[in-house]
Amino acid sequence: VTPGTPAPRERDALPSPPVALVDLLDRVLAAGAVVTGDITISIADVDLVRVSLRALLASVGALATPPDGTGPDAGR
Amino acid sequence: VSATADPLTGVWLYAICRDGTATQAPAGVDADPVRAVRHAGLAAVVSDVPLAEYGPEPLRRHLEDLRWLERTSRAHHGVVATLFRASTPVIPAPLATIYLGDDGVVALLDERAAEFAEVLDRVGGHVEWGVKGFAAPPAAPPAEAATGRTGTAYLLRRRAQLNADADRRQAAQRDAAEVHAALSGHSAAARRHRAQHRALSGADTTMVLNAAYLVDRAAQDAFRDLVERLADRHPGIRLELTGPWPPYSFVSAAPQPTERRP
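Chains as they are written, first to last, in the working numbering: chain A, 1 to 76; chain B, 1 to 262.
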């Protein structure tokens, strides 16, 4: 088991490590309650997002993990 | 709070909780503060958003903007995660679920109150853990591989390498299935997400497992120990644990079809 797992002794101490964007998108884009708002992102849109993200990331370089300590870091 | 009638303002839905639970949360996706729409024993946590920015057209444009997507996803998750910590249980809404006014939110709660109550009961006392598995990296090539410059030697070497790759991938898939079965047996529910593309995962090798498990809060240590033991037992796969998450992957009423993609 590697990076995502804190050492056993640390693991009762609170905050979990910052959330990687790609893991977050798995959840906020492709999971969650099945509710249809008046405006909703469709499955087709989600696939489009995936494709454009892929292209973007491939050109920008790996952005899979959030920058250290910067950004809103709302996921803790 | 009166129903929003402003045709220029939409209502962004973060999550649904039981009424009576704390619904304070940090700033949402836009300037307006997070508030609760209460109905039928439930509280929908929302904030107002300008439709000039969050209408269908601007939204589609924004989705292609990685910075917007990251900022908005983190803000959405920030609210969900705060509610989750303060007042489990919670039903997270997908990103960009927007209503034209509070009336739409009330109608949602009204129509599906029984179902939401059932889901809240089911996920209450549980958290979501993510487990990702990657094929183990290839062993260093034998020293002799560097020699042999003839065409035949190259082809033989190349074929051996391709065979080894295929074997390793197969072993990793097998390990992934075993790990998933074992973890499913120790969780209240399990779901496999689509494997992340390598450009997105940032990993050196293929992702063979991208799963979520609904775990009793009291059983989390045992679950994590099990992940470590499984990692030791399956050298063909490298495991990564993420969480604890709000139960994003387990709040749809109908069981999700298992998504599998190599």
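Rather than coming from a laboratory, the hints here were simulated on the basis of the structure. Some clues are possibly wrong.
Restraint-style ranges between C-beta atoms, simulated for each label pair [claimed, not checked]:
#	chain 1	residue 1	chain 2	residue 2	range
1	A	Val34	B	Glu53	23 to 33 Å
2	B	Ala114	A	Ser42	25 to 35 Å
3	B	Ala219	A	Asp38	32 to 42 Å
4	B	Ala164	A	Thr36	18 to 28 Å
5	B	Pro137	A	Asp47	21 to 31 Å
Where is the CB? At the ideal position from N, CA and C, for every residue including glycine.
Quick check: which numbered hints come out false for this structure?
4
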